[in-house]
Every structure is written in structure tokens, then in C-alpha cells.
Amino acid sequence: MENNELNKNILIDAIRQSFTKLSPRVQLKNPVMFVVFVGAIMTTALYLLSFAQINDEGAGYTLAIALILWFTVLFANFAEAIAEGRGRAQADSLRSARKDVKARKLKSSADVAVYTEVPSSSLKKGDIVYVKSGEQIPIDGDVIEGAASVDESAITGESAPVIRESGGDRSAVTGGTTLMSDWLVIQVTAEAGESFLDKMIAMVEGASRKKTPNEVALQILLIALTIIFLVVSATLLPFSYFASKQAGAGTGISITNVIALLVCLAPTTIGALLSAIGIAGMSRLNQANVLAMSGRAIEAAGDVDVLLLDKTGTITLGNRQASVFIPITGVTEKALADAAQLSSLADETAEGRSIVVLAKERFDLRGRDIKALGASFVPFTAKTRMSGIDFQGQQIRKGAAEAVKAFVLANGGDYPEECQEIVKKVANDGGTPLVVARNNQVLGVIYLKDVVKNGVKERFEDLRKMGIKTIMITGDNPMTAAAIAAEAGVDDFLAEATPEAKLALIRDYQAKGHLVAMTGDGTNDAPALAQADVAVAMNTGTQAAKEAGNMVDLDSSPTKLIDIVRIGKQLLMTRGALTTFSVANDVAKYFAIIPVLFFSIYPQLMGLNIMGLTSAKSAILAAIIYNALIIIALIPLALKGVKYQEVAAGKLLQRNLLIYGLGGLVAPFVAIKLLDMLLTVLGLG
Amino acid sequence: MSQVIIVDGLYLVILVALSIPLGNYLVKVMTGKRAFLSPLMLPLERMIYRLMGIREEDEMSPGHYVLAVMVFSGLGLIFVFGLQMLQASLPFNPENLAAPSWDLAFNTAASFVSNTNWQAYSGESSLSYLTQALALGVWNFLSAATGIAVLFALLRGFIETKKTTIGSFWVDLIRVSLYLLIPLSLVFSLVLVAQGGVQTISPYHEIVALETGITQSIPLGPAASQIAIKQLGTNGGGFFGMNSAFPLENPTALSNFLQLLSILLIPASLCVAFGKAVGDMKQGRAIYLVMLILFVGALAAVTISETIGVPLVPGVLDSGNLEGKEIIHGVGTSALWGTATTAASNGSVNAMHDSFTPLAGLVLMFLMQIGEVVFGGVGSGLYGMIGFVILTVFMAGLMVGRTPEYLGKKVEPFDMKMVCLIVLVPPVFTLLGTALAVLMPQASDWLTNSGPHGFSEILYAFSSMGNNNGSAFGGFAANTVFTNVVGGLIMLIVRFVPLVAVVFLAGNLANKKMVAKTEGTLSTSNALFIGLLIAIVLLIGALSFLPALALGPIADYFTAVI
Amino acid sequence: MEKNRSESMVSKLRPALVSFVVLTLICGVVYPVIVTSIAQIAFPNQANGSIITVTQENGTTIDVGSALIGQTFTKPQYLIGRPRGTSQLSPVSEEQKALIQERVAWWRALDPENSGAIPSDLVTASGSGVDPNISPEAAEYQVDRIARVRNISAKTVREIIARYTTGKLLGLWGESGVNVLKVNLALDGRIQ
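Protein chains in written order, with this note's numbering: chain A, 3 to 687; chain B, 199 to 760; chain C, 54 to 245.
None of these hints come from the bench; they were simulated from the model. Hints are supplied without guarantee of correctness; some may be wrong.
[Said to hold, decoys possible] Simulated crosslink set (DMTMM-like; lysine to aspartate or glutamate; CA at most 20 Å straight-line):
(1) Lys-213(A) x Glu-610(B)
(2) Lys-715(B) x Asp-493(A)
(3) Lys-715(B) x Glu-463(A)
(4) Lys-109(A) x Asp-94(A)
(5) Lys-455(A) x Asp-494(A)
(6) Lys-104(A) x Asp-58(A)
(7) Lys-247(A) x Asp-643(B)
(8) Lys-459(A) x Glu-648(A)
(9) Lys-212(A) x Glu-196(A)
(10) Lys-221(C) x Asp-206(B)
(11) Lys-715(B) x Asp-144(A)
(12) Lys-361(B) x Glu-254(B)
(13) Lys-642(A) x Asp-565(A)
(14) Lys-514(A) x Glu-717(B)
(15) Lys-65(C) x Glu-257(B)
(16) Lys-373(A) x Asp-340(A)
(17) Lys-514(A) x Asp-478(B)
Here the structure is a predicted model, which means the values were calculated and not measured.
Build out the structure end to end from the sequences listed, making use of the hints.
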């Protein structure tokens, strides 16, 4: 309901915009449509001259041509306006978040009590402000003190608050978001007008939309074609006059018809839709909750042929699951399972829960109430790297091999060779070994398995068909990484990845001529992000990461990269397909117009009138009506983008050539014939 | 008909067979490797470099390269113009021919420097032996060498990465001349003489005609040496006015065959050289195939139209269209020649194109109008076709959702600008030239034919000059101040604007890094791409010229007297 | 200072000027001189226009033409070649049709007895306008007339024609041609 309302508003606004965009200054930005615009003015002038008895063609016919040309211009304006409208709707909701608020500017971060109240718009880079629970964060900045939960729904649309705290990778805050708890001291990183929100608004509105290299290249081609057609049409005036003199029959063609021919031939379809396609591409990206810092980045995404994907979250489910208990000699599997279960009862991590589940599955060991047992839980800390339980004088621990080894040795036990072997084997198989010990005795190993996400293998297969290489980035050791890489079907992997290694990998691929895309969130990712051709920073990431990247993923979803590539390709494909369609259309238009155009000079040329059109007027009217209507008909396609498939380039080309090339050849034959029949029936021909 | 197919087929087989070794040889020469003629030519080459004060390894930036080409061609333009104007007072003028008019001399100078060889003059009645050999003969060589040099500059753009230079024009120019054009011409001209081609500095020979007893003069001159390079260098300017239809220029069936072969030999071998130079023979083969397919299609159309397209006159045997054709060349090889000379930007004729049937004339015109890219001029044909390839790659690349790339080089706005100049300039100036001509009040006085064929004569003339071909519908009176001046300017513009664009394109490409080849890379050598490239070449040509052609040869066809 | 600049200008132009002069000399002097010298030594007749010289009754010689340049023949005792000059007309035009009809009428008037179809090369002009050859069919068309006017046998005429007929190259390439001037010289007994 609300959506409908919105669409209606966009539509009404777009219609209004279609007229305001008639200003010559706006028209001049699109050379192809400017030619139509001038044509419309000229035919209108010719119509007006007919009142002064200066007739180029019949007054009614000239008026009809002029009107159709005006509609052609309006339709093109409408296409652009509707694409912009969708962005503007997004921008409006963002803008509501960007209110000028009072900010408490601190002298120094040491004393939050000493402040001056200033409007947020006057804050400068490096200023320090203090924000309390319930207040809006005035401007982009880095948290230098405190920790708080922040509602970022205004930007991300995600309602769950996120934690922002000083230090580490979650220190960046965005102006316009709201503090839900606690307080923060923030150092300003962007001044008013250039903040993240400002950039975002400008981006979705299309205001700062710069033409991308491919778009510029295409525009050059379209201008070149328009120049050719301008010359082709204009020279027909002297040609036809000369021909009629030579033949001693007929008359040269009228200026009205020359203009009509020019408009038919000029690539108006793509010319009218070009900017709409670009804006819509940006919108699609926004809808995917990705904010691109430039259109260039979206296009580059289409060209990417190496994807660096983080293992966790992208290739595997975020959490590992226990799959096997491997006891050492002298311990039964059940005893190991029992101890493992006990140690995990209070462990709320996914891994811990999966151990409880496995124990139940294998030996029907039911969950026990830790309190009833009188046991106390020892939680995992980064220092001990173990968790477990103290229970009836026993200390049961599970954890990384090194940590448990140290624990056992400290308790006076020894760490058996056999356990070491098992640990090694599990790691080789791509699993994570958790060693379980009771007091000074090692019981065995829990095999934690990385679970590869459903369908990723097929997805990578598709990407490979398109020539995109996937590279898994993981902190795991090479053995583990290799096993998971094989299971997930990635082309390559980088194990024990450090920021330096990532950077080196990207440089290496780039040197070989590849375009590399990656996602990153931490400050230590910043150099690699800056190096990558397409760098998607997680919105949860640090300011440094965001600035280094050329896109921000508001959802912070690791699989987003693949969607971005799709959107990038779709953008280019839509342009290519509509250009092909537009140019292919000209063939039918020639067959419609040329025979009738020279009918008076060489009636024999009607041999070319294979469409059997009624008269010169009906044929030309039909052709330019088609030319105008096809713009409207293709707006949905321009906004939605052409269908995208993950297949090899050759196949994709074949498919698109068939649809848009051959289709572009045939469609106007049918449509112009039908319009001609309609005009004839209506007696307008 | 079946014999024509065999003969044409055999011609193409021999052409392809010869083009492969020649292409490979040329790459060796142009990359400074030792080749067959090195022992002979290397000392001479080095000596010339020393005289010029250059080093072989000094390369040029694109701007420098362009400057060198322009200065060199500018010198040529002045020299060819000057020598004509002064010929009356210079030696080797046994017929005491006066200087041509300034506009004709300008037109001829522009024509030969631009590798067009449009001839508004008739050699035997206008130019002295000195002018022919020292001005026109020399620029037959040098304009051809310039085209090939620029092509190799472009190839370096594809081969090099992150480089700001594209080779040296001087080195390219001298190597092409010494290792390719001069030796081939030397051998070829002697074969032509053996067949009956004239080669002398004696004055015209007087004879007494058998039946009439009237004294006539047989025009002579150092012709064969110039004819050899006119064909090899896709120049096409005849020593005599009637070009290779004139028996002293093309005496026998064998000379006819060899001249035909030499029209396409170098342009064809450059396709091979291209594949070899960029290290992917498939790429050269693809372009070669595109040219061959377009050529065979055109040849079939011309041959069929010439065989069956003439009206029957009662009491006359039907043997195809023999008007304007020499009997020993016949309809078959005249159709082949017509197709070859307009496909390549050669422009020499062994039959009168004006008297070709309307649809055959249309095909000949169209081969020029698509920008002389079906073999085309030496060097210029292939670089023009590469322009179309980049255009095709651009469209195809967009359609598969990638920034277009060709041979590992991304196609970016600057490249597109240059490609548009390469592709756009010839049709625009062809149309504008034709339009200006028909606006001249005396235009209809220049024509031999009436009706649509009259318009065809003008359209053909400006298609020929506007694409540096040089052939003509002979009924068009070309030696007027208007056509000499406007045509001369057009020939220079359509030669040098695309040429400069090619050099800057080369520079821009050379400066790029190489993009890796993946599954997502569009093949530019498979059947789909070949088909698409053919379609785009034909489409751009058709869209630019269909209306004009409708008023010329198409109307001619529909209004034909049957 | 001034001198320096002009010197650097010259040094910049030196490669252009030197290559221009050197290549002009090689391509415009050395090359044609070599070709002309070899041609004059190895193929003097061809290189000088394939002139046919005959000895007259008084013992002097006369150049009667070039084997490669057609001459005008109109008398019935001669083998008559193709129309001189070239029309440059469209073969489907009214003008060309009229021209051909005019030539057909000329041939009919020349030899009213011959009602056979006229080979088209006899009513169409060549490209050079001086085609030295006609097709064997066109020669055959004229055999009876020549024999009748000269009062010799058709067989003799055919023999002479056959002697000056060149076949296709390798039996494939191009077309056969009969050299009109040579046939007529032979008919007149001036060459063998």
C-alpha cells in the first residue's frame, strides 16, 4: 500500500520532471536527444511558418511530426526522471536523518564536563564531541573513549543496534545514527557536507553521478553515429534535388522528412535510456544495501575476474560443528563424549552446543543441569584458550592443542604422542581439533568440522564459467585451508593470511592483468582494500577500511561481493543490449522510409517497399511513432536491467545477440507495419 | 560460370599461399630480425641511418611519430606539386609537355601522397617521364611504406605494455621500402616488361596505320617499373590514362593475373603479419577470414551481375557485359579485378567501371564506402579494419557485461574517440564531397550518363577520393577546379586524420597494461565474432550510404532498360 | 643563441630531409634505371612498345603499329576489330542501347549476307578503346566475308586467324583473343 503510494508519487513527479527537463541546458547534456530536441523545435517552426503560407509539407503532417518529436523528447526525459525519482525517494529518507543537531564540543577528551554547545554543521575535522544515550551522533567520527550500542537503522535499515567502542575495528560512527545506551567520546573525521551520509545522499540522488568510462566511451560512439546520420540526412536534401533534376521528375525531399529521417536513424532509443540505465544500476546496488563511492566502481565490478573471499561466513557457515570423537588408546569413545559433553554444558557457543548434540546423537547422553551437578563453569578466555568445568574435584577442559598440553603438563601429566598425531590428522582433513583433558590426563580429540555452505560449490562453478576465479582467504593453516578449499571448490586459497600476504596476493594478480575484488572490515585490511580494484568495506568496519574501499556494504554480508559483480555486469549488458537493439532497428526504418521518400523521383524504388506500407506519410509517421513508443516500452528493461546468467562470455553474447540484435532487426518491421495499418485505417496516412 | 568459380578459387588459393610466407617475412623485417634479404640490405639500411643521424633503437612517442609522418608527407606534397609545375623546364620530357594547371597539380600531389592515386590527368598527355618516375613513382613507394609503417606502430600498441613509445617512423619507413617494396617491385616489373609492358626513356613511337595510312604515335615511357609498385602498394595510379585496361600497361593474361595477385598480396600478407606480430595467429586468421568472406561475397555479386545483368539486344550474342572490357580479360577476370581493386584501396582498373552493370557498380562503390577495410590499402586497410574490430569488441563486450578488451588491451574512452575518427571521417567526407558537388550548378555537365547513373558517377568519384581508392567511373569529368581542390583536400583529410588517430591510439594502447585472459574474455577469433564483425562493417556502411545508393545504383537497377 | 636554435631545427629536420632525399633517389632514380637497363638489354622489343616493323616493296622498313595497340579497320577485306573509344555508358541505359543498335546496323550493312548473331565484343567498345584483340567468335563471324572479298578460301582465313590467336593462360585464366592487326598483316602478306 505504502509502496504503491510511493510509486505513484515518483510517477507524478517524473511526469512533472519530463517537462522541466525541456530546458536547453539539460538537453544539451545528452547530444543524441539534443538532436531530437532541435528537430522538434525546427518542425514546430515549420508548422508555424505554414500560417505564413510557407509550406514545406502539409501543415497537418508537419504538426503531427512535430508533436511526435516532442513526445520523443518527453519520453526520454521521463525515463531519466523516473530513474532519478527512485533514487530521490531513498535520498529523502536519508536526508531526514541528517538534521542539524546541537553537539557538545569538548576542549579535550579528558574532561567531558567542559564543553561548548555548537551546531553540528560547524564542527571541524579533529574536533572532539561527547554524545549521551538517546542522542543523535552529530557527525562522522572515530570513538576515542567509551562503548555504546548504536541504532544505525537510518542508514542500514537494520533495526538491531550495533556496538561501537574505542579501539579495535568497531570504532567508526556515522552521523545521523542514534546512541541507544551509554556514552561516547568521538573525534570528528568528516566535516559537514562531506560526511558519509552526505556522500550517500548525493550518490543515491544521482547528483554526484559522474559518467563512468564505459558510459563515456559509449556516448562517444553514439555521438559519432549521430554525426554520421546527421550528415546522411542533411546530404539527402541536395542529393534528392539533384536526382529529381536528373530524372526530370518528382521533387526533392522536404525538410520535415529529413528531420524525421534523422530522428529515426539517430540512436535515440539508447540515447534516451542511457542515463536511466546508469542511475538504475546505482539504485539496484543501493537496493542491495551497497553504497558505491563511484559509478566507476560498479563498472569495475563487472570486470572483476578474481574474487578474494573470506572463508568464514562466505564459504563456510560461521561456526564449526563437532563431528567425531577420537579417543586416545585406553579411553572409550563414550568416556570421551561424556567428558566433552560435561565441559560443554554451559558453553553457549555454537561449537559447544554442537558437542552436546553430537554426544546425544552418538551415545544418547542427555543434557544435565550444571547447577544440579554442583559444577562450576570455566569460560573461554583469549588468554587460556580453553573452556571447561570444575566438577566433583575434577577439572575437565577442552581447547586448542597447545593450551591443553600446557594445562596437562602443569597438572603433572604428560601429553601423549598419539594425541599429537590425531591433532595433526584432523587439521590435515580440514577440521579443527579440540583436545579434551581431565585433570592431568588427555582423553582424546573432538573433530570440529568447518561446514561448507550449501550451494557455494555450484556458485563457484558458475563464476568459473564466467571466467571469475575465487580465492579463499583464511587464517587457518595451509593443510586445513587446502581441505576446505577442495570441498568448497574454490580455485585457490591463501592460508594463514596476514594483511601483508593479502596485499601481496592482490598485487600479484594485478600484475598478471587481473582485476581483483575483496571485502574487508578491519583497519589492517585498509592497504589491501586500497589496492584492490573493487574493495567492499563492511559497514561494521573501521573508518579506515571504509575510506580505503570504494564500496560500503551496509549489511556487512560476506557474500555481497558476488551480487555486486552481478549488478556491475548487468549494467554494462543493459547498455550493450539496448545499443545493439537501437542500431539494429535502423535497418527496418530504412526499408520503411527510403522507398517512399524518393517515390516521386523514382517510382520504381517501390520495389524496395517490402513492407507494403501505404504512403510516404503513413510510413514516416509509423516509423517515428515507433521510435517514440519504443523508448517508453523499454523503460522497465532499462530500470530492471537485462537478464543475467552465469554462463561463458561466448554463450552470453550469442543469447543477447539473438534477443537484442535479431529482435532489434525484426521488431520494428512488425511494429511499423502494424502502425502503418492503424494509421491507414484511421485515415491519417 | 563453373570455370569462373575455378579461376577465382585458384586465384584466392594462390593469394593465401603466397601471403603466409610474405607475412612472416615482413614481421622478421619489421622487428629487426635477420631475414632473407638482410645480407644485401643491412649495410645499406645502416648507412642510411648514419646519414640521417638517427639510431635504429631510438623510438618515438606518438606525437613524435605523427610529426615525422606529417613532415615527411608534407615534403612529398610540396615536391610532387613542384615537380609537376616545373616539368616543362626540366629534362626527360621528350614530348615537351607543359605544366598542368595548379589545381590539377595539387590534386595529383594530394592524391599520390595520400596513397589514393585518383587521376584527374591522363599520364601520356600530361606528365613528363621525370615527373612520372621521380614524383609519382617515388610516392607510390613512400605512401605505401607510410601506411605499413603506421600499421606496425599500431601493432606495437597491442604488443607493448606500459610503454610510451611505439617504434620509429624512420626505421619503419626505410625497412618497408628496402626489404619489401623495392625488391618485390624490381622482380615484378621485369616480368611485366617480358610480357610487353613498356620501359624506356625514348620518345613516343610513330607508326603508320595499316588501313588508313595515318601516322599515329604509340605512347611510351618508364612504365613497367611504376606499374609494379602501383599494384603492390595499392596505389593504382596508371602510367597511362586508361590504366591497366591499356595493353601497354597490362599486355597479356599472365600480366593480368600477376597484377591482380599483386593488388591483394601485401594487404593479405599483413593479416598474417598481424597474427604473427601479436603472437596469436588465430587473431590474424579471423581478420583475414572476415576480409575473405566479404571479398568472396562481393566478387560473387559483381560476377553474377556482370554475367547476367545486361539487356539483350536483338541480333547480338549474349556474352555478358563486354562494354568497357578488354577481350582477353573477359567478364570473369574483369569482375575479379573490379572487386579486388575496390576492396583493396588500389583503384587501378582493367575495365571501365562506369560501364559495369548497376548492381556490380553498387558493390564496387560499397566496397570503398565501408572504409576500404576489405584488404584495403597497404597498412591502412588493416588498421581501418582493426578500428572496426575495436568497435565490434566494444559492442560485444558491453553485451557480456565487461569492459571491452582486444588482445588484452581495454577499450577506454580515448581509444573509442580515436576509433570513431578512423571509422567516421571517410563516410562523412564522402557524403559531404558528393553533396557539395551536386550543389555546383555545372555538375550535370561533368557527367556522361544521365539519370541515376549520372548521380552514381559523382557518388563513385567522392567515394573513391573519400576512401583513398582512386578508381573512377570514367564518364565523370574530374579535371575541374572544384573537384581538383575539394577532392584533393578530401583525400588528404581522409588519409591523415584516421592515420593520426591510429598513431595516437597505438600510443594509448602501448601505455596500458595487459589484461589477463580468462573464461570471461570474449573470443575475438571464433565464428560468432567473425560473423558479428562482418555484420557491423556492413551495417555501418549500409546505414551511412543506403539513401545515397538508393538514388544512384539502386534506382539505376530499378529503372534499367531491359 | 639564434644560431643554436636554427642548428637544432636543422638537426631535428635532418632525418626527414635525408630520408626524403635518399628514398627519392633510390625509388625514383636507382630503381627505374636498373629496371630500364635490364629491360632494354633483355626485352628490347617489349620494352619499346612491341612495335611491328615490316619491309616494304621498295626495301625500306616501316613501323606499321604495335602488336598491343588496336587500329581502325573498316574495309570488308580486313578483319575488323572492336569499336574504337570507350563509351563510359551504363550498359542498361537508353544511350548505350541506341549505340549498340547503331553498331548492329553498321555490321548488317557491311555484310548483308551474314544474318548470324553478332558476337557482342564487335558492338561494344573496350576499356582501353584500343583493344588489339577480338574474340575467336568475332573472328569466325567475319571469316566468310573476308574470304569472299579477298577471293581466298575460308580455310586460309581460318588458318591465319588461328595463327594469331592466343589461348587462355593455362587453358583457364582470361579469354582467348585474336590479334586483329597481325591477322590483317598476314592477310595482306606483309608478315608470315
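Evaluation of the provided hints:
no.: 1; hint: Lys-213(A) x Glu-610(B); in the structure: 13 Å, holds
no.: 2; hint: Lys-715(B) x Asp-493(A); in the structure: 16 Å, holds
no.: 3; hint: Lys-715(B) x Glu-463(A); in the structure: 18 Å, holds
no.: 4; hint: Lys-109(A) x Asp-94(A); in the structure: 35 Å, violated
no.: 5; hint: Lys-455(A) x Asp-494(A); in the structure: 17 Å, holds
no.: 6; hint: Lys-104(A) x Asp-58(A); in the structure: 67 Å, violated
no.: 7; hint: Lys-247(A) x Asp-643(B); in the structure: 13 Å, holds
no.: 8; hint: Lys-459(A) x Glu-648(A); in the structure: 14 Å, holds
no.: 9; hint: Lys-212(A) x Glu-196(A); in the structure: 17 Å, holds
no.: 10; hint: Lys-221(C) x Asp-206(B); in the structure: 14 Å, holds
no.: 11; hint: Lys-715(B) x Asp-144(A); in the structure: 42 Å, violated
no.: 12; hint: Lys-361(B) x Glu-254(B); in the structure: 18 Å, holds
no.: 13; hint: Lys-642(A) x Asp-565(A); in the structure: 15 Å, holds
no.: 14; hint: Lys-514(A) x Glu-717(B); in the structure: 15 Å, holds
no.: 15; hint: Lys-65(C) x Glu-257(B); in the structure: 14 Å, holds
no.: 16; hint: Lys-373(A) x Asp-340(A); in the structure: 17 Å, holds
no.: 17; hint: Lys-514(A) x Asp-478(B); in the structure: 18 Å, holds
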